[in-house]
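> Take a look at the letters that make up each chain.
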Amino acid sequence: AQSVAQPEDQVNVAEGNPLTVKCTYSVSGNPYLFWYVQYPNRGLQFLLKYITGDNLVKGSYGFEAEFNKSQTSFHLKKPSALVSDSALYFCAVRRPNNAGNMLTFGGGTRLMVKP
Amino acid sequence: EAQVTQNPRYLITVTGKKLTVTCSQNMNHEYMSWYRQDPGLGLRQIYYSMNVEVTDKGDVPEGYKVSRKEKRNFPLILESPSPNQTSLYFCASRQAGGPHEQYFGPGTRLTVT
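Heads up: the sequence lines are chains P and F, in that order. Mapping of the first sequence onto the numbering used here: position 115 corresponds to residue 115, and the numbering continues sequentially without gaps. To convert, count from 1 in the second sequence and add 1000; that's the numbering used here.
Since the hints were derived computationally from the structure, they do not count as laboratory data. Be aware that a few hints might be false.
Claimed, not checked - Once the Cα atoms are required to be at most 20 Å apart in a straight line, the calculated EDC-like pairs of lysine to aspartate or glutamate come out as:
1. P:K77 - P:E66
2. F:K1017 - F:E1001
3. F:K1069 - F:E1053
4. F:K1018 - F:E1079
5. P:K58 - F:E1101
6. P:K49 - F:E1101
If you're wondering where the values come from, they're calculated on a predicted model, not measured in any experiment.
Turn these sequences into a full structure, and let the hints guide you.
Laid out in structure tokens, this is it:
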């Protein structure tokens, strides 16, 4: 079975400060890892993914994520937060050979960026 | 414009009254899936489809049915809705093979009284 944990229900950060949203996972084999963002009254939007190779993955809107195999983590980061980054963020995992069972999601972390 | 559409966006119904939530994608994707989103639980997969006439259960299939008669459409059917099916529902699609990301619809907020 595969699982994803997002240990923080909410992260608060001041505009201009760096932000980190944490994600850890449990899956057999090498995973595909994803981050999605959900703005109010909207569906989920893809931010970035890790497949293989460089552990630092760059995505949309200036976000990046660092894959750490030994810690089974895939934390989302941004050097300088914007108020418009305030949203709900989901980490997700999929096993490469589990094509049908599409994704397992974490519980979500609400990011609040204050001016 | 590439998109996944869902209808209706909002629905209030009563226990036991059959309903269907439609989902359609215009990207010729093979894979489609339904999720429900509940606070603190993230998104949980209800059913998925790998192609026309190929469907399978996800993590929380009880009380739901799906069909995939056409590649673009993947309706979610609640034969006898119950209050514990009150939730926010998302349809998603992606290309077959490889680590392709999913595209999500805007969501359907369902309330069963």
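> Are F:K1018 and F:E1079 close enough, with their CA atoms no more than 20 Å apart?
OK: F:K1018 and F:E1079 at ~5 Å, within 20 Å.
> Assess, step by step, whether the Cα of P:K77 is no farther than 20 Å from the Cα of P:E66, and give holds or violated.
8 Å, holds
> Would you mind confirming whether the straight-line C-alpha gap from F:K1017 to F:E1001 stays at or under 20 Å?
34 Å, violated
> Holds or violated: P:K49 and F:E1101, Cα atoms, limit 20 Å.
8 Å, holds
> Does F:E1053 sit within 20 Å of F:K1069, going by the straight-line distance between their CA atoms?
Measuring from Cα to Cα gives roughly 6 Å; hence the hint holds.
> Do the alpha carbons of P:K58 and F:E1101 lie within 20 Å of each other, as the hint requires?
Measuring from Cα to Cα gives roughly 15 Å; hence the hint holds.
Hint compliance for this structure: hint 2 is the single one not met.
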